[in-house]
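K.L.:
Single-letter residue listing:
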Amino acid sequence: GGDDSDSASSGSSSGDAGGLIAIITPSPDNPFFKAEADAAAAKAKELGYETSVASHDDDPNKQSELIDAAISRKAKAIILDNAGADASIGPVTKAKDAGIPVFLIDREINKTGVATAQIVSNNAQGAQLAAQEFVKGMKSKGNYVELTGKESDTNAGVRSKGYADVISQYPAMKKVASVSANWDQQEAFTKMETIIQKNKDIQGVIAGNDTMALGAVAALKGAGLLDKVVVVGFDGSPDAIAAIKAGEMLATALQPAALAAEQAVEQADATIKDGKSGKEEKQSIDCEIVTKANADEFGVFARKS
Amino acid sequence: MTVLTGSAITKVFGGTHALKGVDFAAAPGRVTALFGENGAGKSTLMKILAGIETPTTGHIAVDGEPVVFTSARHAADTGIVIIHQELSLCANLSIEDNLFLGRERVTAAGAVDRKQERTAAAAILRRLEEEIDPRTLVGDLRLGQQQLVEIARALLQDARVLIMDEPTSALSEPEVEVLFRMIRELTADGVAVVYISHHLDEALEIADDVVVLRDGSLVATAEADDVDLGWIVRQMVGRDQDSLFPDRDTILGDELLTITDLVVPDPSNSDRLAIDGVTLRVRAGEIVGLYGLMGAGRTELLEALAGRIPIQSGEVALAGEVLARESIRERIARGLMLVPEDRQRDGLVQTMSVGENLSLAGLLAFARRVFLNRRDEETAVSRTITDVTVKTSSPKSPIGSLSGGNQQKVVIGKALLTDPRVLLLDEPSRGVDVGAKADVFALMAEQAQRGLAVLFTTSEAEEALHIPDRLLVLSRGRIVGEFTRGALTREDLMAASGGSIPSTKTGEAS
Amino acid sequence: MSTATTTPPPTEERRDAAASAAARANRLRVLNVVFEARAFIALAVLIIVFTLLSDTFLTVTNVITMTKHVAINGILALGMLLVILKGGIDLSVGSIVGLSGVVAGELLGGVTLFGVVAYPPVWVTILVAIAVGTLVGAVNGILVTRFNVAPFIATLGMLYVARGAALLISDGETYPNLGGDPELGNTGFNYLGGGKILGIPVSIYLLAILAVVFTVLIRKAPFGRWLYATGGNERAAELSGVPVKRVKARVYMISGACAALAGLIIASELTSAAPQAGETFELNAIAAVVIGGAALSGGRGNVRGTLVGAFVIGFLADGLVNLGVSTFWQILIKGAVIVLAVMLDQGQQRFQKRGAAAAAAAQTSAS
Amino acid sequence: MSTATTTPPPTEERRDAAASAAARANRLRVLNVVFEARAFIALAVLIIVFTLLSDTFLTVTNVITMTKHVAINGILALGMLLVILKGGIDLSVGSIVGLSGVVAGELLGGVTLFGVVAYPPVWVTILVAIAVGTLVGAVNGILVTRFNVAPFIATLGMLYVARGAALLISDGETYPNLGGDPELGNTGFNYLGGGKILGIPVSIYLLAILAVVFTVLIRKAPFGRWLYATGGNERAAELSGVPVKRVKARVYMISGACAALAGLIIASELTSAAPQAGETFELNAIAAVVIGGAALSGGRGNVRGTLVGAFVIGFLADGLVNLGVSTFWQILIKGAVIVLAVMLDQGQQRFQKRGAAAAAAAQTSAS
Ligand SMILES: Nc1ncnc2c1ncn2[C@@H]1O[C@H](COP(=O)(O)OP(=O)(O)OP(=O)(O)O)[C@@H](O)[C@H]1O
Ligand SMILES: Nc1ncnc2c1ncn2[C@@H]1O[C@H](COP(=O)(O)OP(=O)(O)OP(=O)(O)O)[C@@H](O)[C@H]1O
Ligand SMILES: [Mg+2]
Ligand SMILES: [Mg+2]
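Protein chains in written order, with this note's numbering: chain Z, 1 to 305; chain S, 1001 to 1510; chain G, 2001 to 2367; chain P, 3001 to 3367.
In short, the hints are calculated from the structure, not lab data. Backbone N, C-alpha and C fix where the C-beta goes; we use that ideal spot for every residue, glycine too. Hints are supplied without guarantee of correctness; some may be wrong.
Rough simulated footprint, nothing fancy, chain Z against chain P, three-plus residues with beta-carbon under 8 Å [claimed, not checked]: (1) 3050-3062; (2) 3175-3184; (3) 3265-3272.
Simulated pairs of lysine to aspartate or glutamate, EDC-like, Cα-Cα distance not exceeding 16 Å [claimed, not checked]: (4) Z:150 x P:3279; (5) G:2220 x S:1113; (6) G:2220 x S:1376; (7) P:3220 x S:1104; (8) P:3220 x S:1376; (9) Z:62 x P:3279; (10) Z:74 x P:3055; (11) G:2220 x S:1104; (12) Z:150 x P:3055; (13) Z:200 x G:2055; (14) Z:150 x P:3173; (15) Z:276 x Z:266.
Take the sequences, apply the hints, and build the full model.
P.N.:
Listed below in structure tokens is the structure:
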């Protein structure tokens, strides 16, 4: 977000401290990516680096431009939450060839050996946790709706599949509708309302992320169905956790975004200092399920320490 | 004594000196006619007096009190009302909307008082003997009718000074008669009227005082009774005007334009026939005139020939070859080109220079394979500028910096650059001053000598009587009379066009 | 009827003129109706098709829900209509939606004055948010009138500026549970988007009220005539003493206010405000206005048509979701419908002209 | 400049005319320069500011990189320029960018004909993709010329249609490693976006070539004159035998082709094609053209200005990133710069006019 990069910009012109670490995330107006960026930036400063935070709005071309910029600024390392498993291979390779190690967080790319590390929260595992909680909440039966993320986003697919793997084992559970709400709250709200009109006999809603889950909650509340319907999301955003405490949502799979970002920066530091990160490339961090029972234990995309 | 006076008014537009220190006064109860060639500065002076343009230097006084107009509205509120040379109506609004635009009659509730407006509108239209439903869209009206709306709007504001800049350029004679009657009523009520028109005799007829501008300077003032047309023309042009209508001997060649039983539906109104079975022939070296009243269909005839509007039946042949579905450009390529009636709307590209406008139609002639040959183009353009005597500082000047007459010459020059075999001109003298008129007609004659076939329309009896070798009178889409030059009188003409009572004008014997 | 202007024989002439006059007037009226008819047809087709394909489409509750969705774009479209009537365009409305939500969120979260945190009541919050929207509109207006910046560019610039502002104020975060707190006396915000009167959502009433107000404004007040005149022929309007600049400035402010209201409704529905709300909404609003028979060149269009246009866009979107059509197809179909609806317009107008002419001719020959 | 028809004393009159003539011509020349100067000034200011704030901005490599980024928007803007010169607008270019990438991806992945999978060579792929872009442009053209749909609406519709098509063809998936396979003989696609000649990326050459071609087309070929005439006054152009409809249709096709090329460059740079590529690119292209001094009303604008405009947009974006300015500020500043650049234009023109008038006045009083 704003503050970090502002101070960064003033910093970046003042000469070379520990060098520059470029942090690139999809969009700062989503709490998850923001937490990621903030955590990474904080860690990097702590380790004595300048930082620059930018976002690519899931536009592969813009991402490629941002990486060019990092290269021409002779960044020491790049922390990247990328804009597409395939579309990002080129740019990451480009950075590698320029001698800049790239540390991927949150999303993988479909190629190994170009990025120094790919630290991703285990979306499949998280999805399964969420789905299991969902099934429990629905007492293994009934009609449910799935709100999926942007079709052209890898994680949307991974999570949807993760949900299916679990839920498909319960024949009594019936998916009555599945629509994409592009990760967006208002779109989720509108589409949920429309679906309710089509079919009021719904016991559950499982969404590809918390923003959409909260949109669904608002719609269900308006229709007076919320007490009869369990809603499960993904990400573990503060708003979702609040909703869980309030009993409006059943559960969400929390991705330890902050953790991944911090680890990425630490490994970047190691790589800059002594050439190797000391970890293998593919690292996955397990998600944690957040329910009313344990909600208090969690802060901003991380367990409270 | 005088209501409105402007003293030592100057106006500079970018590089142009429209006015160079002009004193002007309008007296109550009198009609002051303002004469001057195109670009003399008439409209500019009037716009300044009506608060539309601000003078570069100079002062305006109302009833002797100096004023500085902040806007057209300000001037209107002090009783100075202007009818603009170029129509300023909203085509998307009804007549009544236009009549009361900006000065709505409102009810207590603050809403527009439609009922009151409609009755007032109907009344004024009746006085103008133009009984149209006030709810009619102005866009559906003919040029002439629109001009009447413009006049009606001015009349609705109780003006102390009424400025009329070319109010009759699209009016038929009877409409002009009506207008004159109203002007006399106004002056009787002590209104000061300023009247500008290129129909000199008409203007002289209504005038009490005469003022002549030349190149932005005031060159003469007089009482209307003391002067005649000749004098006015001398003052305008600065020298004796050789006759408007030079005699010429015609050498007729073979038939270039052949029209047989042409039927053209009215584009604006598809089951009214604009042209209803017209047959006519024009030979090389011949100038044929089309006379008719507004709406007679002359424009439609010419536009149909040019390929602008589709024909329903009949045949058009150019030098024997029948033109069927040829596009406008194919017709131009074959040597048939139209000089349209409304030069602003159809003749000129305002964003381009004089030179670019001139070469637009004949452009392909300068194309060497794919590219334009600039040198060829420039020579051709500057040759044309001298040929048609366009008054411009350079071919690169923006077309907007030219006055009406000169713009018209550019449009004609553009047509000549396509070296046509048949030249169609729709109202070539509309809104053009005597000097330019003479030039234009001289041009037509010259082209005819060079073996072109010329077909032109006019609404002015004088031109109809003297210019063409043959005159065709068109009425409601039919040819109702054919005369050869000299063989007809003004009276014949009026009778034939089913138009109006011949007007009794002093300036007629010229 | 080609002799409307020549004198003798007067009798024939006057009859003639009267006839053609009547004919034209009549033709006018028909045309007026047709302008919406076109949009109505598009809407009718949509409704029929969806009703045939889904039994849950044409139910009372679903129509109410869909209308509620339409309300948001409808309110934006009404503001846009005025701008388009004047011959302009407003690309910034989407961003204003986001900005006004953020402002509301900020205020409901409490404002710190001299160290103490004050919680303004909801009505203050709403007024401030709308004021902010109006302000952005005013900037658009100033850029267009004082600095002669083309409306497209001026509002494109403000599209970015307003969005940037929304993100900066909120620091990119979403304002959660705007329900308010009884103790702080700032509850009731969710009524705007969540409340119902006689089972009908408040936002629908808001749309209806605005529609009526705008119709009166356009039809009855001098402002309306000035607006059409400015859009039809600005120079002529100016020469007639119409305060053109003021008219222009006003429409952008009104449009901004409408956008702000839409933003509030959304925030209230979700009881949370996201800075990125409203992205690309401007396109839907413009589409609604144009489908409603307005000309982007200005001077032509009306409230009824615009409403119908908004319903076309809204019902289409919801109908496709109801049918479970894939997002990809939804996008493609939306584009096709926009173009078709407008083509339909063109076609009908040409057809209509001919029809009216015939009618006119008939009358004349009859008299 | 014959003065044959006016007043004595000729001497004074001629001198006078000459003076004002000189003034006018001179004013014209200055204005012409100014039209770009305006954009140039904006660009100069940007470069100076960024160079002062960052030591890595004005380095050879960075300038080359930024220019490479400019190339994409620049190519779109050149196509857009023609459309705008003609008085239209093309909102569909962004979607065409996505579509052409998808088409390329599809072809490089191999096309199945009669059961056998064929791998067309790269040059075929490129031609087909560009053909598809041209086709979308042709549809725009037909909608505008044959069906009189307003360009804004026609291209807005195609914005959705083309995007939908891209998503449907790719089923929302990204086409991976378009590097090609030596065995299949379809390698070399990545050259377009990745290749360098004398250390300068191919895409920059493409932009340069297009710029030259367009300049010649506009300045030297009749088509150019026709284009300006159509944009300036369509009716007059038509009556002068300008093939108005053809000119219009052409510009949309050219714009579509440019967009397709841009899409190919992007896909090639990333050696992968995403269906959502190019979203909102149209806005940047339009901004570039207008900052470059073109009038959205048509008839005014040129290649040089448009290029400068593209550089302003591109250098601004990269410069802000280079400074590490937050995304939120980037958005806001971008909007401000667009508006300011255009205001600068207006201001300078008015100033310029006054200057000329003054000069002329001076001359008169002198003579
Ligand atoms: N807006 C303008 N910009 C530049 N020059 C102008 C402008 N308006 C008028 N002029 C110039 O001022 C001079 C006077 O123009 P004006 O219209 O007053 O002439 P006029 O006597 O009305 O001619 P006409 O009889 O054709 O109407 C002409 O040279 C014209 O080119
Ligand atoms: N009585 C009428 N009713 C409706 N439309 C008319 C009438 N008379 C003419 N028109 C239309 O008005 C337009 C202008 O016609 P116009 O007056 O130009 O014919 P014209 O013979 O060329 O006369 P002029 O060239 O002097 O204007 C044409 O489209 C014509 O069809
Ligand atoms: Mg004049
Ligand atoms: Mg005519």
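K.L.:
Find the hints from earlier in the document that the structure breaks and name them by number, from lowest to highest.
P.N.:
6, 7, 12
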